[in-house]
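Q: The primary structure of each chain is shown beneath.
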Amino acid sequence: MPMTVKELADLCDAQIAGGDLSTSICSAADIRSAQSGQVTQLTNSRYAQYIINSSASACFIAEGFTVDNVPESMTLLYCADPEISFIKAVEFLHPARAYSRGIAPQAMLDNNVTLGNEVFIGPYAVIGENTSIGDGSAILAGVYLGRNVTIGENCRIYPYAVIYDDVVVGNNVIIHSGAIIGADGFGYKFRNNKHVKVPQVGNVVIDDYVEIGANTCIDRGALGSTLIGAGSKIDNLVQIGHNNKVGKNVIMCGLTGVSGSCNIEDYAILAGSSGVADHVTIGTGAVVMARSGVAGDVKAGAQVFGSPAKDKKTAYKEQIAISKLPELLKKVKLLEEKIQAIEEKVK
Amino acid sequence: MPMTVKELADLCDAQIAGGDLSTSICSAADIRSAQSGQVTQLTNSRYAQYIINSSASACFIAEGFTVDNVPESMTLLYCADPEISFIKAVEFLHPARAYSRGIAPQAMLDNNVTLGNEVFIGPYAVIGENTSIGDGSAILAGVYLGRNVTIGENCRIYPYAVIYDDVVVGNNVIIHSGAIIGADGFGYKFRNNKHVKVPQVGNVVIDDYVEIGANTCIDRGALGSTLIGAGSKIDNLVQIGHNNKVGKNVIMCGLTGVSGSCNIEDYAILAGSSGVADHVTIGTGAVVMARSGVAGDVKAGAQVFGSPAKDKKTAYKEQIAISKLPELLKKVKLLEEKIQAIEEKVK
Amino acid sequence: MPMTVKELADLCDAQIAGGDLSTSICSAADIRSAQSGQVTQLTNSRYAQYIINSSASACFIAEGFTVDNVPESMTLLYCADPEISFIKAVEFLHPARAYSRGIAPQAMLDNNVTLGNEVFIGPYAVIGENTSIGDGSAILAGVYLGRNVTIGENCRIYPYAVIYDDVVVGNNVIIHSGAIIGADGFGYKFRNNKHVKVPQVGNVVIDDYVEIGANTCIDRGALGSTLIGAGSKIDNLVQIGHNNKVGKNVIMCGLTGVSGSCNIEDYAILAGSSGVADHVTIGTGAVVMARSGVAGDVKAGAQVFGSPAKDKKTAYKEQIAISKLPELLKKVKLLEEKIQAIEEKVK
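Residue numbers (the working numbering), protein chains in the order written: chain A, 1068 to 1414; chain B, 1068 to 1414; chain C, 1068 to 1414.
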């Protein structure tokens, strides 16, 4: 939905400088590819060099940020938080596609399903008995909701996500395609040379404003619940084992694995391909850096790196030391020779 | 299905001590959260401290294990193997939900599908021609079985698992949602600056009592079969490439990858996020520790760690040595200075 | 479809030596398991030892490659490129199964779907509005294509692959089951102690002859496109974040992750379980070895190993040095003692 530069500035809390206020803005783009009729943002001085040749019609920029060589055709949109203003602009210019409310005739609802107002259920979705879906939620094509599942309000669940029995999902949750929520945790006891399955009879509880990436797996508790706290964001292909307690506003990047019965406290960040052994606590705001493997508790606010993960400073110091190690071997060999020579002399 | 403490003890081979034998037990819980009407287990002395404040009505415990401060309201259930007795209790108290036998009218069966007795096929499942499903197996909603697939008896295949053509699945196998069994192996020959696809015309054969986690992938053989031996348990998001031979009772944890043409022998354990290069043998009972990458054969019974993976003792020794390395660099610098000083003196 | 040894040789550009030209060949197998009526290949001298006991009726072998102890029942098929001739033989003997052209009555096509000639759409596939599918493409059961999706000619998309809105797929592309193309990239801004979602309004563009493995995820661009270049081959369970540009004929093995806004240039190889941080360039033909984590740019043709990844030679040298480190610690301790002794003497 196109709008003028003036309208865009008003909607996004920005002050106008230069350009033509009546120019129509159709879409948003990054600073290197934006064309006439597009709005962009400049939030990093590294990219200021691209302004001079940009055809963008408008550009969000922080108050007090000076930039040279602004083309005449570009309106600068000064604002307190250009990243957030730009997000607003993108939302206006590229509105998320709506799903017409209603239940597709090819959806399969079992007995005693409770539906809120303005719910969308796509074709071939399968909804188990005693399951409820809150107001405004969109259950897209082919989603599977088991029995006794609760989905809150204004959720969006993408095609072929699978929610096993008894899972509870809060409000404003986004679950991407292929995510599997509530499959059995991985638990066995070894007896008589066989692995005896431990029944997994708990569930998963996901709080409000969580986003779960494509093909991510969150296992049900063996007993009790696996918990995902409000506002936590989980990337694609993440494995969250049974009985983990993930706090609020946690970030877990792609291909990360958390084995089981861990506490991942609020605001922790698990970077890409990292992993956490079982029964470990990752403290509030701690950062597990990419590809790190954590075997023991990490203190609040700490940053750890490596496998096994250590305090970032220690790990970096060791990395630098390792890079000097081949040279060190030579040095020590030389010292040995020198000492031998000295010993000959002084004996 | 609730039962009395007495009934539970009899079913689970336990001797009763204390408490009220007629107390009704409704469900199971872990020792820290169990309430009145619940049974728990105490199998680790680390958790004995929680007994005193527990409201659990009953607790499985090993014969000969002494515990103090048992509340009056709690019956101790002494048994030879409390973990196994507790598993039985959980199975009685939280029975796995049954699926009514029969074929959903929305399931799509192609020509010449053979069905055993008491089979369940859920809505929108798609069953290819010449495929057979054994007695008592449950094929849940949206499962895709290709052509010439064989599914044994008493299997459970969860929604949207995909079984490609020609795959053979034994009896009592559990396959979780999103698992993809029999997709093409990853094989190309590089010619004329292009990757020429090697046809992948083998299959996957899965033996009895295997469990396969959510979103796990097991590729078909290029020629011949990829094999998963009886009793092996595979976690979520595991990648098993073409022509691997996985033995019996193997454990493979989440996010593990086995590239191709490997022998993973009986009772081997691949811990989380580990990986195995192609054409490698992991010997019987060997353990590949978490996040380790194995490039060469691992002997039976060995434990290996790191990337590249080494014998655990060697790897640990090296890890300790690395932690001393920054200090070592300083020491060697000091030695160099001292030697220089000595050389001045004795020259 | 069986054929004689003579027919097979003609079809696969091979010269015949020995054996019986009229022998019927039914299928292909590897050299250790091939039986009478099967053709195999010998392309690695390591496997020459298996010839003597092989029952294979025919064997592709390179011109000029000498091999002893060839059984009388085996015809050698000499050719310039036995691997490619064998691929041809496999394709003839094990032809890929066709899907009868046509639209399954259970498929759900929204408004304004454009279909080429000879298209197959399987049952329960869901095709969004304004989507087009090119000539000869097979969209198997349960595939989800969103709105404004373009699928080229002669593609094959396996069951339950999910293609989000606006994705563009070229010709001759294979997408395996469970692959999720075009889910939201993982982008948030942290404000007022919350993660604010950055709208992901770009798309994914996949060029010709790409193959995408099972359960692999390729995220849509935040703005603009995530690109996969022609001829690139991507294994199972790979995570490709938003706005990556993957070049032509790139290889990405299982469980690899590329975070975002990277350039993976032509012919690069990312081995299994490797990872690339954001905004990194992997140069043309560079190799990221298995389990390596790349944090900075990698030059064209370089090979890197480790986490953090370094030039392969450097990394190997360091690995060797690390293996000598425990010994080095002892040596330095000994030197310290010796020097102390010398210092006593010469003071």
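No lab work stands behind these hints, which were simulated from the structure alone. You may find that some hints are simply not true.
Repeated chains share a single entry, so a pair holds when one copy, or any two copies, can fit it.
[Said to hold, decoys possible] Straight-line distance between alpha carbons at most 25 Å, and here's what the computed BS3-like set of lysine-lysine pairs gives:
#  : residue 1 : residue 2
1  : Lys1400   : Lys1380
2  : Lys1315   : Lys1264
3  : Lys1397   : Lys1315
4  : Lys1366   : Lys1261
5  : Lys1405   : Lys1391
6  : Lys1155   : Lys1073
7  : Lys1379   : Lys1315
8  : Lys1155   : Lys1261
9  : Lys1312   : Lys1366
10 : Lys1256   : Lys1379
11 : Lys1366   : Lys1315
12 : Lys1377   : Lys1398
13 : Lys1379   : Lys1412
14 : Lys1397   : Lys1377
15 : Lys1380   : Lys1414
16 : Lys1380   : Lys1366
17 : Lys1312   : Lys1377
18 : Lys1315   : Lys1412
19 : Lys1261   : Lys1312
20 : Lys1397   : Lys1379
21 : Lys1073   : Lys1400
22 : Lys1155   : Lys1264
23 : Lys1366   : Lys1400
24 : Lys1391   : Lys1366
These numbers were taken from a predicted model, which means no experiment stands behind them.
Q: For each hint, tell me whether it holds in the structure or not.
A: Hints versus structure:
no. : hint              : result
1   : Lys1400 - Lys1380 : between (29 Å within a copy, 21 Å between copies)
2   : Lys1315 - Lys1264 : between (32 Å within a copy, 15 Å between copies)
3   : Lys1397 - Lys1315 : neither (51 Å within a copy, 43 Å between copies)
4   : Lys1366 - Lys1261 : between (38 Å within a copy, 21 Å between copies)
5   : Lys1405 - Lys1391 : both (21 Å within a copy, 21 Å between copies)
6   : Lys1155 - Lys1073 : within (14 Å within a copy, 64 Å between copies)
7   : Lys1379 - Lys1315 : within (24 Å within a copy, 37 Å between copies)
8   : Lys1155 - Lys1261 : between (57 Å within a copy, 16 Å between copies)
9   : Lys1312 - Lys1366 : within (16 Å within a copy, 37 Å between copies)
10  : Lys1256 - Lys1379 : between (36 Å within a copy, 24 Å between copies)
11  : Lys1366 - Lys1315 : within (17 Å within a copy, 40 Å between copies)
12  : Lys1377 - Lys1398 : between (28 Å within a copy, 23 Å between copies)
13  : Lys1379 - Lys1412 : neither (46 Å within a copy, 43 Å between copies)
14  : Lys1397 - Lys1377 : between (28 Å within a copy, 21 Å between copies)
15  : Lys1380 - Lys1414 : neither (44 Å within a copy, 40 Å between copies)
16  : Lys1380 - Lys1366 : within (14 Å within a copy, 28 Å between copies)
17  : Lys1312 - Lys1377 : within (22 Å within a copy, 33 Å between copies)
18  : Lys1315 - Lys1412 : neither (69 Å within a copy, 66 Å between copies)
19  : Lys1261 - Lys1312 : between (30 Å within a copy, 19 Å between copies)
20  : Lys1397 - Lys1379 : between (28 Å within a copy, 20 Å between copies)
21  : Lys1073 - Lys1400 : neither (73 Å within a copy, 67 Å between copies)
22  : Lys1155 - Lys1264 : between (50 Å within a copy, 11 Å between copies)
23  : Lys1366 - Lys1400 : neither (41 Å within a copy, 34 Å between copies)
24  : Lys1391 - Lys1366 : between (30 Å within a copy, 22 Å between copies)
Hint compliance for this structure: hints 3, 13, 15, 18, 21 and 23 are broken, all remaining hints hold.
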